[in-house]
Structures are given as C-alpha cells and as structure tokens.
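Visitor: Each protein sequence line maps, in turn, to chains Z and R. Its first residue numbered 1, the first sequence is counted upward by one per residue in the working numbering. Its first residue numbered 1, the second sequence is counted upward by one per residue in the working numbering.
Don't read these hints as lab results, they were simulated from the structure. In this text the structure is predicted, and so the values were computed from the model without any measurement. Treat the hints with care, since some could be wrong.
Only part of the chain Z face toward chain R is listed, based on derived beta-carbon distances under 10 Å [what the hints assert, rightly or not]:
1) S14
2) V46
3) P117
4) H118
5) E123
6) F144
7) P184
8) S187
9) Q205
Below 20 Å or equal to it, Euclidean Cα-Cα: the simulated DMTMM-like pairs (lysine to aspartate or glutamate) are [stated by the list, open to error]:
10) K254(R) / D163(Z)
11) K112(Z) / E167(R)
12) K110(Z) / E39(Z)
13) K128(Z) / D163(Z)
14) K35(R) / E67(R)
15) K63(Z) / E39(Z)
16) K112(Z) / D198(R)
17) K63(Z) / D31(Z)
18) K137(Z) / E41(R)
19) K137(Z) / E246(R)
20) K87(R) / E67(R)
21) K254(R) / D140(Z)
22) K35(R) / E21(Z)
23) K115(Z) / E167(R)
24) K254(R) / D167(Z)
25) K254(R) / D111(Z)
26) K68(R) / E21(Z)
27) K115(Z) / D118(R)
28) K110(Z) / D198(R)
29) K115(Z) / E64(R)
Chain R is nowhere near these chain Z residues, computed Cβ spacing over 10 Å in every case [what the hints assert, rightly or not]:
30) T29
31) N176
32) E196
Ideal Cβ positions, reconstructed from N, Cα and C, are used throughout, including at glycine.
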Amino acid sequence: MITIIDYNAGNIRSVQRACAEVGAAARITSDPAAVAGAEKLIFPGVGAAPSAMAFLKKTGLDKALTGAFRSGIPVLGICLGTQIVLESSEEGDQPCLGLVPGRTVRFRPKDKALKIPHMGWNEVRVVKPHPLLDGIKAGDEFYFVHSYYPQPADKKYVYAVADYGGDVCCALGYKNLFAVQFHPEKSGRLGLEMLERFVRWEGKQDAQ
Amino acid sequence: MLSKRLVVCLDVRGGKLAKSIKFAGTKDIGDPVTKARQYYEDGVDELVFYDITASREDRDIMIEFVEKVASQIFIPFSVGGGIRSVKDATNLRSAGAEKVNVNTAAVNRPALITEIADAIGSQSAVLSMDVRRVSPTREIPSGYEIVVNGGLTPTGIDALGWAKQGEALGAGELVINSIDADGTKAGYELKLTRMIADAVGIPVIASGGAGKPGHLYDVLTEGHADAALVASIVHYGEYTCRQLKEYLNGHGIKIRMSY
Chain Z
1 MITIIDYNAG NIRSVQRACA EVGAAARITS DPAAVAGAEK LIFPGVGAAP SAMAFLKKTG
61 LDKALTGAFR SGIPVLGICL GTQIVLESSE EGDQPCLGLV PGRTVRFRPK DKALKIPHMG
121 WNEVRVVKPH PLLDGIKAGD EFYFVHSYYP QPADKKYVYA VADYGGDVCC ALGYKNLFAV
181 QFHPEKSGRL GLEMLERFVR WEGKQDAQ
Chain R
1 MLSKRLVVCL DVRGGKLAKS IKFAGTKDIG DPVTKARQYY EDGVDELVFY DITASREDRD
61 IMIEFVEKVA SQIFIPFSVG GGIRSVKDAT NLRSAGAEKV NVNTAAVNRP ALITEIADAI
121 GSQSAVLSMD VRRVSPTREI PSGYEIVVNG GLTPTGIDAL GWAKQGEALG AGELVINSID
181 ADGTKAGYEL KLTRMIADAV GIPVIASGGA GKPGHLYDVL TEGHADAALV ASIVHYGEYT
241 CRQLKEYLNG HGIKIRMSY
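Only chain Z is shown next, with the shape it has when bound in the complex (with noise of 0.2 Å):
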C-alpha cells in the first residue's frame, strides 16, 4: 500500500487515480501517525513553500515524513514535495525538511524569452542512472510546471536535467528517497511508467 501525503497542497488526488491506473493501491492522508507507519511514502504537492512548510509544521507531518525517511522506507517526492526535501527554499527565504543537502532555488533565465513557470513538455536526460529512471530514452518528455527547482548540494545526487536556459536538476536521489520536478502523474504513458517502477522499487540505488 502506497501513501499519499495530504498537506493541502494542490491536487493530489490526479497522483492516486496514476496509481490505480498503474494496479497500484494508494491512500490519501493528513494522519501523521498513518505517515509514521506507511510502508511506502508519495509526497506530491503544488504550490508554495512557505505556505506548504507551515501546514505541515502545524499537522506535525513535517516529523511523521522525517521519520518515515530516515527509518528506510521508499519515498517519492513531485514537483513542490521535491523541493520542500532539501534544506531549504529561496520561496520566501524558507528553512526546508533537510531529507537532502541543497536547496530550491528560483529560475532566473538570461534569455527574456524564457517564460516563467516552466510549463509543458519538456526532455528528462538521464544523467546517472537510478531504477526509477530505467527505460527511459534520449528525447523523452515530461510534464513540469515549475518556477524554482531543487539545487542538490552535491552532484552525485542529481540523476536527471531538463534543459531550460541551462541544465537544471529534475531528478534527485538520495538514499532511500527519489524526487521528480515534473509530474509522472500528467506525463502520459512514461510517467505512469515511472510510477509502475516506484511501486516495485524497495528504496536502494543501484551499486556504482
């Protein structure tokens, strides 16, 4: 059974149904004690973080999803879930969960233009390869929508980029949690695919 994490932030029931279509059980929930005990963790999201920090500060989801991390079970992080794991958010100059060394920083294309949020189909270069990330080809595309994206501290945690004025990360890796900038959710058949590999995947990276 997956866990989906309900910290009001956005849509998150379009994540369950990607699960069912993929066979796979999912619950939605704000219960930190259910987070706690999930064997399997999601944590979408849309929107921003300090609003999204607060939520989850208050709900004590913030503790339930640290937990949750360090005790070893797989997490996927989407789109804001993704950025809220590093140490922290130039959204609002805001102090993160720390799951991973780094922190979100804001676009600032060169190129005017380079419209801000990054919305539509765009490629995901594999750059290091992860079981989440198998099968995926030069040229395929992936939903974002996006105007910050996470900055891992170090490189050997960032496993994927997306072109946009620049090389940035949209996918990290770290121990036992893998988080996407983009939407597997809204990403056709190769998102659903993805999804299908986070519901098989038992948290390790593969031996480099």
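Following the hints, complete the assembly by docking chain R onto the known chain Z.
Guide: For chain R alone, coordinates are given in the frame of chain Z:
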C-alpha cells in the same frame, strides 16, 4: 527547451461530444471520455473540454464528467464553459482539471481572472477569447474585436488590448479563437495569433481553422503560437494526432514524440 503542443478540443453538451460549425448549430459525435482516451493514447499533449451548454443544471454533470476524464487521462487537461466564480474554478480543479478556461464571464467581470489565479495559480487560469475581424476604429485599433456568448454578441473590446489586460490580471495562458476561421478548415488566423503572441509573455494556444497538418505548422512558426488546437479534423478521423505530430516533427517542430 519546451516543446510545442498539440491540443485537441472537445465540445461537451450534457456529457456528449458535440461539434459546432461556425458557432451555429451542433451535432453529437460520440462519447467524449472514449474519444479523449483515444487521443491520449494517440499522443495528444493536452485536452480542452468546453461545456457548450454551460447551463446551471449541467454544472454537476460536468463535475462528474471531469472526474471520469481524470481517471482515464494522464496528461494535463483544461475545462471551460460557464465558469462564473472562483468556486466553479476550484470545484473543477479539485475534480481533476489541470486548468480552467474563462471567457464571457471574464469579459463581464475581469476581476474574475485575478480571483481564479489567486485561488488556483496563474498557471491554471486560462483566458479564452473569441475574436472577430472588423474594420479598425478608434475603439478597436487592432481590427480584431472580442465577441461573447458563443460568438453571438460583439463587445466593442479590442482583442489585442484584452489579451494584454488578461495577462496583467493574472491569466497564465491565452486561447485565441478566430470566429472567422472556425469551421472553415482554411487555416488559422495567423496575423491575429502572431500579433497577440508577440504582445504577451504567456503561452498562446491558437484555435479555429485547422484543416490540414500544414496549417498547424504555419501557426506554430509564422503565427508564433505555443500550441495549436484542433477539433473536427481529428474528431472525424481525417487525421490522427500521431499523423499531425509526425508531420510537425518531420518539418522540424520540437514536439513530444515519446508516448
């Protein structure tokens, strides 16, 4: 770099797929959920559903419909038609629509755009406009006028000015529908599309007039559109989404081919 997008529009009336001809009369052409799923599997990048009855009693049907679509379609889709309040918008968003489109209601009360953008984010607030060619006047210097109520009512509003105002009010995307080109299959209104695309900093979806793949190419290049919207040419099976995308890809347009 972002890809250009192929968007398919489905007009929905009482839960049925309908196709309008020049805003005059419609006919039913099947089940929209089945059609949508078919386009999804065939590689469409985004779907737009317009509730063309947009009557009060159909609101609940539309919410159920959106939930059904959301459980079948795993790409972004937007819903328009009859959205008059933030509550309408948030209800559709919760039901699974990635974006909502406002049209007539925003002309009547422009603040609605801002309210929706504040509630669900600019990226989800789409301003859709029906545009008719007119002789330029002092009121309408661009020579393009906004019309409402399904193309029936002229407003005296300049389309270019309205597009810029819509962006300033918080719209995250524009759908530019040419009433003159709609249903003609003679190509998009390139001049109109380009004029607006060049004047705003948000994505523009061109609508109305697609009859063959070359028309999509023209509007995505010469017309400066970010996305091309089609309806009848795929609804009646003249082209599949795949054929349209293969043509565009083959002519050097960056578009998603991995599906």
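Visitor: Hints first: check each against the structure and report whether it holds.
Guide: Structure-based check of all given hints:
Interface hint status for S14(Z): upheld, as the beta-carbon distance to the closest one in chain R is roughly 6 Å, under 10 Å. The beta carbon of V46(Z) comes within 7 Å of a beta carbon in chain R, closer than 10 Å, and the hint placing it at the interface holds. Interface hint at P117(Z): satisfied, since its Cβ lies 5 Å from the closest Cβ of chain R, which is below the 10 Å cut-off. Because the closest C-beta pair between H118(Z) and chain R is about 7 Å apart, less than 10 Å, the hint holds.
Evaluation of the E123(Z) hint against chain R yields a held restraint, the C-beta minimum of about 8 Å falling below 10 Å. For the restraint placing F144(Z) at the interface with chain R, the shortest Cβ-Cβ distance is roughly 8 Å, inside the 10 Å limit, so the hint holds. Annotation: interface hint on P184(Z) holds; nearest CB of chain R at approximately 9 Å, less than 10 Å. Against a cut-off of 10 Å between C-beta atoms, the interface hint on S187(Z) holds, since the closest Cβ of chain R lies about 7 Å away.
With its C-beta approaching chain R no nearer than about 25 Å, Q205(Z) sits outside the 10 Å limit, and its interface hint is violated. Proximity of K254(R) to D163(Z) is assessed by CA-CA distance (about 13 Å); at most 20 Å being required, the pair is judged to hold. Using a Cα cut-off of 20 Å, the hinted pair K112(Z) and E167(R) holds, with the two alpha carbons roughly 16 Å apart. Between K110(Z) and E39(Z), the direct Cα distance comes to roughly 43 Å. Violation of the 20 Å bound is thereby established for this hinted pair.
About 16 Å separates the Cα atoms of K128(Z) and D163(Z), which keeps this hinted pair within 20 Å; it holds. About 15 Å separates the Cα atoms of K35(R) and E67(R), which keeps this hinted pair within 20 Å; it holds. For a cut-off of 20 Å, the pair hint linking K63(Z) to E39(Z) stands: about 16 Å separates their Cα positions. Annotation: proposed proximity of K112(Z) to D198(R) holds, straight-line Cα distance about 13 Å (limit 20 Å).
Only pairs whose Cα atoms come within 20 Å are accepted, and K63(Z) paired with D31(Z) is accepted, the gap being roughly 12 Å. Between K137(Z) and E41(R), the direct Cα distance comes to roughly 19 Å. Compliance with the 20 Å bound is thereby established for this hinted pair. A C-alpha spacing of about 18 Å is found between K137(Z) and E246(R), which places the hinted pair at or below 20 Å, so the restraint holds. Restraint check for K87(R) and E67(R): satisfied, since their Cα atoms lie roughly 16 Å apart, inside the 20 Å limit.
Annotation: proposed proximity of K254(R) to D140(Z) holds, straight-line Cα distance about 12 Å (limit 20 Å). Between K35(R) and E21(Z) the alpha-carbon distance is near 18 Å, which keeps this suggested pair within the 20 Å criterion. With a C-alpha separation of about 13 Å, the suggested pair K115(Z) and E167(R) falls inside the 20 Å cut-off, and the hint holds. Taking the CA atoms of K254(R) and D167(Z), the gap is near 18 Å; set against the 20 Å cutoff, the hint holds.
With a C-alpha separation of about 18 Å, the suggested pair K254(R) and D111(Z) falls inside the 20 Å cut-off, and the hint holds. Note on K68(R) and E21(Z): the hinted pairing holds, with a Cα-Cα distance of about 13 Å set against a maximum of 20 Å. Annotation: proposed proximity of K115(Z) to D118(R) holds, straight-line Cα distance about 19 Å (limit 20 Å). Pair hint K110(Z) plus D198(R) holds up; C-alpha atoms about 19 Å apart against a cutoff of 20 Å.
Annotation: proposed proximity of K115(Z) to E64(R) is violated, straight-line Cα distance about 34 Å (limit 20 Å). For T29(Z), the shortest C-beta to C-beta distance to chain R comes to about 17 Å, beyond the 10 Å cut-off, and the non-interface label holds. No Cβ of chain R comes within 10 Å of the Cβ of N176(Z); the nearest lies about 26 Å off, and the non-interface call holds. Residue placement check: E196(Z) keeps its beta carbon more than 10 Å from all beta carbons of chain R (closest about 12 Å).
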